[in-house]
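Participant: If you read the sequences in order, they're chains A and B.
Per my numbering, the first sequence starts with residue 1, numbered consecutively.
Per my numbering, the second sequence starts with residue 1001, numbered consecutively.
Derived from the structure by calculation, the hints contain no laboratory data.
Warning: the hint list may mix true and false statements.
[To be verified] Simulated crosslink set (DSS-like; lysine-lysine; CA at most 25 Å straight-line):
#, chain 1, residue 1, chain 2, residue 2
1, A, K60, A, K77
2, B, K1577, A, K60
3, B, K1584, A, K72
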Amino acid sequence: MSMLEVKNLKKVYTTRFGGNKVVALQNVNLTVERGEYVAIMGESGSGKTTLLNILATLDKPTEGEVLLDGKKMNSIKEKELAKFRREQLGFVFQEFNLLDNFSVRDNIYLPLVLADVHHTEMESRIKPIAAKLGITDLLEKFPYEISGGQKQRVAVARAIITQPEIVLADEPTGALDSRSTDELLEQFANINKEGQTILMVTHSVKAASTAGRVLFIKDGIVYHQIYRGNESNSEFYRRISDSLTALMGDGFRAVND
Amino acid sequence: MRNIYRSLAVNSLAKNKIIYVPYIISSIMMITITYVIFAISQDPVIAAIEGGYSLQMIMRFGILVMYNVSFFFLIGVSRFVIKQRKKELGLYSVLGMQKKHIIRVQFLENLAVFLISGVCGTIIGAVLSKVVQLGVLKIYHAEADFGWDIQVLPALVNLFAFGLFFFVFFLINAVGILRSNTLEYMKEESKGEKKPKSNWLLAITGVILLAGGYWMSFRSQSAVKAFSLFFYAVILVILGTLALFVAGSITLLNTLKKNKDYYYKTSHFISVSGMLYRMRKNAATLATICIFATMVLVTLSSVLTLYSTVRTLAEEWYPVDFNVVYDSTSEEDVKKTRIEKLRAGAEAAGIEIENFLEYDYYNSFAGVGNGYCTTYPNYSAIETCEVFLMTLDTYNAANGTDLTLEENEVGLVTNGGKMQSGEIRFRTVDAEYRPQEGQSDPYKIVEFPHVPKISYGGSISLVEGVYFFILPSDEALTEVSNYIGQTIREYDDARDFVLINTTSDRQTQLRFYDELQAHQVEYDCMAVESRIANIDEITGLYGGLFFLGIFLSIAFLTITILNMYFSQLLQGYEDSKRFAIMRKVGLSRKEIKRSVNSQIVVVFLLPLLVAVIHTMASYPMVNRILQLFGGCEPKAFLLILGCCILVFAVVYTVAYLMTRRTYLRLVSGAYASK
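Whole structure, please, built from the sequences with the hints as guidance.
Facilitator: Have a look at this one:
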């Protein structure tokens, strides 16, 4: 059984005063296996963030369903959603989303505190994660005192400290310089190697090239996917790049229609 | 080129009206309030009325407080305004404006805000101060001058002070612009906050200052001392409140944070951190709200107490309709002529006489205490009092009583005096307070039930108490007055009095009063007191105080509400960002709302609660001071205080709910966001 299964997903936005309907996603099907590292690529407005938001239960699909471990996510009650989100899912955002009134340590603790975990347990959990991500020295600092790359590593720590089923990352390298990007992608790969399932949305070929599988999405439709196989990052990079160039051609308008 | 800067400045004011309108309105209000207080404190018309001068002294003290408050309040607002606009300024810079150009635009904007608020504030202030002046005069029954006047000196000084303030705001701003680079400037808005640090020293200083202020209040012994210490107590409490809010709150929260078992609980984690930052940003504002709330409560309850009880008191002080004072004489003929003239005059004026009493008593200032009644009172040892000496017959006749005294007894009634029992001797001290030779035999004090029905209100606010000594016989009166009479003769001498009660109406009484006053020589009398005229005068004086008190309360309330509004605005901006993040990280809308609501409620309740505590603590001292103004019933004061607190709490809550809408509008985006 797949860990994450998306079936016939459709999302239609209606503008506030009735009128126009915008189809953000139509008939999206995809599966993610346990331990996979999947990247979803697409341009701005292609619907990839909408897809991620639905997977994150932050948004609801118009049609279709999402199953996590065979359980329908649509059926979870609003009340339990927040709990589900922080126990089953981990998030990494482009703009870090750290709370400026918490220290780095407390930012990472946040989901655990909400889950009523005792502070000794939290401390034992944070140690290996902080060491792995190289933020042990930053724990007592505040978000405004550290760099963007460091902030994103803190966000990653916050995402994985709950030992979630899946980590959802939305353009995690979008706000980072190239060195920080490299570091972060390496850490993503390492975390994945340890068995963590990751689903990342990005429009960066470099970021996608660290994944095991890349899905291409355009105008609300998943129209292509490629597997890494045994290729190195740079080989995979070239293939993703070629696919993108090739798939940008006119032929795909036909598919969309 | 010059025009571009001007139009840029004007445009940005117009475009940012959501933040500039409240800024300008609060500047106008501050300038108005300071001007009115300034103008009243310098107003020669108000100085001329009785009690007006001491009122002005209090208000002059108020001006300094107001300038401090205005400065810190407006600097907070102006920094808030700039912070909201940093992105826009950064954009100007990206688009190719140099720093000096931005600074020039900033200067013009500051100038515009100052000019608008300065002109509006002064005009509104001039109108308001005239209204206050007329109001005070009307209540005082004084001639009102309806001429139009802006007081030039206060207006100029006030404008100069605020001009300086705005210039300082501009300088701070300009330095900020010079020291930052463009990109930093654009990011400024989202820049994080500094870590709030504990400051034990300041927190403890705050506790000590506050304790000092409270101690002064609880230990205040006499009215005069309370009055002179009151301002120091106020300053201590103001500083203590500021220190406690600013340092105490953060120190306490940091201590809570250090306790891991407490801090890392769902219900405490977000609240403690949230409060820490809320207090860091809002502590000074909350302290200001608290201080002004206290001022409203104390002012309002005092003036209400004075105004509501003064009529009862005045009626007690002036129990007879007319009190005509004559130089004492032993010649029966003279007495007879005087009385005939007075009766004839009363009849001519249409006064219907209810009863007509003649009697004589001695009246002087004296020191009473430690078992002695002395003239040339030694202020350090005994209280300065007003003393009336009369015979038992006079007392019985005046009160319609049938009391008796033994030869060595003295009847005593006092209003405000402390000595009520034991023995008393009468004696004289000289100018150096040395007892002169000889003193009366001790008299045993017998407490008498009623204050004699004679008018005694004239100097009641100057002394610690009024004593009526009722002596058993003429001989005793002569003996006593010999011991303390040397000086009595020098100053007041003995008097004969005629008291008239009448059933005539107010107009007739006032006419007769005017007639007597105008023809004192013909009537051979020294002074006339009319109950109605006296009551008019007293209620007028306290009415003036009342009016000013109400005005000040409204001014303080306005400042409180303005502070509240900006505090909500600031918190709204901050919270809207934070909510969005918390939602994404996995808090349900309900959890966020609950946690934030509890913080908001604390921020709302804290100033109110502390203000109520301050007001309660001020009670003993203010109560003493009210005694100085005429001995109000402590129970009445307590009742009025309670009502004031209740009404204020309601008004405060309503104001809070209204300003809260601003907050909710700002955060609703975050609530609704995905």
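Participant: Decide, hint by hint, whether the structure agrees.
Facilitator: Okay, the hints, checked on the actual structure:
1. With a CA separation close to 12 Å, the supplied pair K60/A and K77/A stays within the 25 Å bound.
2. A distance of roughly 23 Å separates the Cα atoms of K1577/B and K60/A; the hinted pair therefore holds under the 25 Å criterion.
3. With a C-alpha separation of about 21 Å, the suggested pair K1584/B and K72/A falls inside the 25 Å cut-off, and the hint holds.
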